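> Since the structure of chain A is provided, determine the placement of chain B on it from the hints.
Residue numbers (numbering that gives the first Met the number 0), protein chains in the order written: chain A, 0 to 381; chain B, 0 to 381.
Rather than coming from a laboratory, the hints here were simulated on the basis of the structure. All of these numbers come straight from a predicted model, not from anything done at the bench. Idealized CB from N, CA, C, for every residue including glycine. Honestly, I wouldn't trust all of these hints.
[To be verified] From the structure, some residues in chain A lie toward chain B, with a derived Cβ separation under 10 Å:
id : residue
1  : L54
2  : Y210
3  : P217
4  : A274
5  : F282
6  : D348
[To be verified] In silico negatives: residues of chain B with every beta carbon more than 10 Å from chain A:
id : residue
7  : P9
8  : R164
9  : R232
2 protein chains.
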Amino acid sequence: MFADLDAADPLSGLREGFHLPNGVIYLDGHSLGALPMAVPLRMAQLLSKEWGRDLISSWWRNGWERLPRRVGERLEVLVGAEPGTMVATDSTSVNWFKAVSAALELAGSRRVVLTDSGNFPTNLYVLGSLRDVDVRVVPPEEVVAATSSEVGVVALTHVDYRSGRRHDLAGITALVHSLGAIAVWDLSHSAGVMAVDLARHRVDLAVGCGYKYLNGGPGAPAFIYVAPRHQERFRNPIAGWFGHAAPFDFSVEFVPAQGIERARIGTPHILSLAALDAALEIFDGLDMSMVREKSVRMTSLFIDLVEGMPGFDVVTPRESGARGGHVSLRHPRAAELITVLAGAGIIGDFRPPDLLRFGFSPLYNRYGEVMQLGEALRAVGR
Amino acid sequence: MFADLDAADPLSGLREGFHLPNGVIYLDGHSLGALPMAVPLRMAQLLSKEWGRDLISSWWRNGWERLPRRVGERLEVLVGAEPGTMVATDSTSVNWFKAVSAALELAGSRRVVLTDSGNFPTNLYVLGSLRDVDVRVVPPEEVVAATSSEVGVVALTHVDYRSGRRHDLAGITALVHSLGAIAVWDLSHSAGVMAVDLARHRVDLAVGCGYKYLNGGPGAPAFIYVAPRHQERFRNPIAGWFGHAAPFDFSVEFVPAQGIERARIGTPHILSLAALDAALEIFDGLDMSMVREKSVRMTSLFIDLVEGMPGFDVVTPRESGARGGHVSLRHPRAAELITVLAGAGIIGDFRPPDLLRFGFSPLYNRYGEVMQLGEALRAVGR
Numbered sequence: 000m001f002a003d004l005d006a007a008d009p010l011s012g013l014r015e016g017f018h019l020p021n022g023v024i025y026l027d028g029h030s031l032g033a034l035p036m037a038v039p040l041r042m043a044q045l046l047s048k049e050w051g052r053d054l055i056s057s058w059w060r061n062g063w064e065r066l067p068r069r070v071g072e073r074l075e076v077l078v079g080a081e082p083g084t085m086v087a088t089d090s091t092s093v094n095w096f097k098a099v100s101a102a103l104e105l106a107g108s109r110r111v112v113l114t115d116s117g118n119f120p121t122n123l124y125v126l127g128s129l130r131d132v133d134v135r136v137v138p139p140e141e142v143v144a145a146t147s148s149e150v151g152v153v154a155l156t157h158v159d160y161r162s163g164r165r166h167d168l169a170g171i172t173a174l175v176h177s178l179g180a181i182a183v184w185d186l187s188h189s190a191g192v193m194a195v196d197l198a199r200h201r202v203d204l205a206v207g208c209g210y211k212y213l214n215g216g217p218g219a220p221a222f223i224y225v226a227p228r229h230q231e232r233f234r235n236p237i238a239g240w241f242g243h244a245a246p247f248d249f250s251v252e253f254v255p256a257q258g259i260e261r262a263r264i265g266t267p268h269i270l271s272l273a274a275l276d277a278a279l280e281i282f283d284g285l286d287m288s289m290v291r292e293k294s295v296r297m298t299s300l301f302i303d304l305v306e307g308m309p310g311f312d313v314v315t316p317r318e319s320g321a322r323g324g325h326v327s328l329r330h331p332r333a334a335e336l337i338t339v340l341a342g343a344g345i346i347g348d349f350r351p352p353d354l355l356r357f358g359f360s361p362l363y364n365r366y367g368e369v370m371q372l373g374e375a376l377r378a379v380g381r
Numbered sequence: 000m001f002a003d004l005d006a007a008d009p010l011s012g013l014r015e016g017f018h019l020p021n022g023v024i025y026l027d028g029h030s031l032g033a034l035p036m037a038v039p040l041r042m043a044q045l046l047s048k049e050w051g052r053d054l055i056s057s058w059w060r061n062g063w064e065r066l067p068r069r070v071g072e073r074l075e076v077l078v079g080a081e082p083g084t085m086v087a088t089d090s091t092s093v094n095w096f097k098a099v100s101a102a103l104e105l106a107g108s109r110r111v112v113l114t115d116s117g118n119f120p121t122n123l124y125v126l127g128s129l130r131d132v133d134v135r136v137v138p139p140e141e142v143v144a145a146t147s148s149e150v151g152v153v154a155l156t157h158v159d160y161r162s163g164r165r166h167d168l169a170g171i172t173a174l175v176h177s178l179g180a181i182a183v184w185d186l187s188h189s190a191g192v193m194a195v196d197l198a199r200h201r202v203d204l205a206v207g208c209g210y211k212y213l214n215g216g217p218g219a220p221a222f223i224y225v226a227p228r229h230q231e232r233f234r235n236p237i238a239g240w241f242g243h244a245a246p247f248d249f250s251v252e253f254v255p256a257q258g259i260e261r262a263r264i265g266t267p268h269i270l271s272l273a274a275l276d277a278a279l280e281i282f283d284g285l286d287m288s289m290v291r292e293k294s295v296r297m298t299s300l301f302i303d304l305v306e307g308m309p310g311f312d313v314v315t316p317r318e319s320g321a322r323g324g325h326v327s328l329r330h331p332r333a334a335e336l337i338t339v340l341a342g343a344g345i346i347g348d349f350r351p352p353d354l355l356r357f358g359f360s361p362l363y364n365r366y367g368e369v370m371q372l373g374e375a376l377r378a379v380g381r
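In isolation and in its complexed conformation, chain A is listed as follows (with noise of 0.2 Å):
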């Protein structure tokens, strides 16, 4: 059946498109995304031909300064987001900071930012760090309960880092807004396995990181999304030059940027952007509902294949409408299953206390490798 599912599978081809080491079966692709064909040959031609030999006039010769919005205009086709609406850059912590920080000014007087147990933690520590903000972090299953006309700022991840869990991104939003307040979405673990429509459900502000189902590499930079409706009141709290309507002027005075590329703030990573530009190509022409359908399917496959087995518990949900591109297991030893996993050649992570982490990769994960960490799993887990 899952030779096939393979044989079927319209997305077959992309998995050329990637460096896998020979041998393995690499399910992590929600924590690092495989290296994309693409990306040695762009660095190549990035130092010698630019770096290199252009030195200083690549900033215009060779798209340099333009390069956050040229990989941001990627990624508002991946995301369904509106043109002149996204740029790379930063980290997502950074990025999650900007977006919340902009969003509370949008907020006006309410200074109440409701977020959930299940953010992954940085979005926590970074709402944490902010000034005068009343911070109430409920369960994931009381988000909507707790959104009150209180509230100012709903600022969630779609995703569940660990569960796999999904938000109803276009529910809430639509509550949110009901309610006079704005929603902020971190799509860290969706971005790249399925569509999200940020402009169709009328987000107003999001983030997320390049590394994972995007294939950036290692701490590529994250994204920034700010809706057309927003981006004139939009204050980025570190004002840098890159936000700047006019860097190369370098006035005293600061003058934001028009459009999105204000959200930006220093000189950009090149070297990482340029990475993650190349990577982003094999999304070219890519229907993501084709994305999202394989990404179902792989999961679906696997929670059929694990549950029941004794030992393990699927955390992730079943119903498929509630999930993301990862699957996660309890179970008591799962830190030394993984580490026995690896040893076989099959990559998923552990996430303390007892979890097992699978993500599976529409672009280059087969449904066979499925099959195979079945097995495995039946193997191990006794």
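Below, chain B alone, put in the same frame as chain A:
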């Protein structure tokens, strides 16, 4: 004379460690350092072996997790800082934001930040975006007089990006301390071209960029320094998971890391960081006083050459102790001249409204190039 100087130059061999395009005299290393030979080799290994083969395990197996500190350790030697005081991370603007925010907390109730109009614009913008702070901007020559007991933080750039004028880092820091205030220095135009001696001068906090004299590549990660005596009380205004005492415990509560690690925020940009790491190898064992000596000699020779040339005004101080590694000239047709020179293969840069800047990198520039620049200026400046 110039040929003799090159023949006798003890640093002349270092030039072989760089890729420099044929037929080009590159005098813009104060803006973007040239490509070190070590970088393409390191990047090839990073891509094929670390990311491509070892994948997620590289965070530990190949030292990615420690890379910000590893680069920090190299930098400590370069700028004369104590062990355990530096980390390479984020952009200069973001580090400046952290440093100044933390300095304000260290300064207690004093909410006045003193800076000067020669500071790099992004630093002024960041200061202007801080809340509840009284920012005083004075001309560079008035900094000493304006340093009063009202001031909590004196935040300056060591070497002026336009004029090349250097502040008396030791004297101003001592004055600042005598008044109970905190000194924050931006070393972007001094790190890698002189000794700096942060520890000896008891600097409180410092930042700087990795892509000028450090040759880390376009938009290389920046650095931040926190003196040992302040680390315990250093509060990062953006609490991110990589500044946590145990990032991989994924705990909900933020506990800052001990020591300089708390100055980190998000996931490090490994590709850009590895390039900077490789670029710094050339400094291993290098005596920074020799680097400075060659720098002074080159800039002195250049100033001697252009002094009195019709149309040109030397903006940079004649006294070597009062300048950094680049020399700026004023000329009414500065923008045009820089373009004409570039056409002849001599790369400097233009800063509005009327400055030509030339940076002399002691690691790869030759005395002969100083002479050729002088001759070219004489020809085009008429």
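> Could you run down the list of hints and mark each one as holding or not?
Results for each hint:
no.: 1; hint: L54; verdict: 6 Å, holds
no.: 2; hint: Y210; verdict: 7 Å, holds
no.: 3; hint: P217; verdict: 4 Å, holds
no.: 4; hint: A274; verdict: 5 Å, holds
no.: 5; hint: F282; verdict: 19 Å, violated
no.: 6; hint: D348; verdict: 7 Å, holds
no.: 7; hint: P9; verdict: 26 Å, holds
no.: 8; hint: R164; verdict: 16 Å, holds
no.: 9; hint: R232; verdict: 15 Å, holds
In this structure, the one hint that does not hold is number 5.
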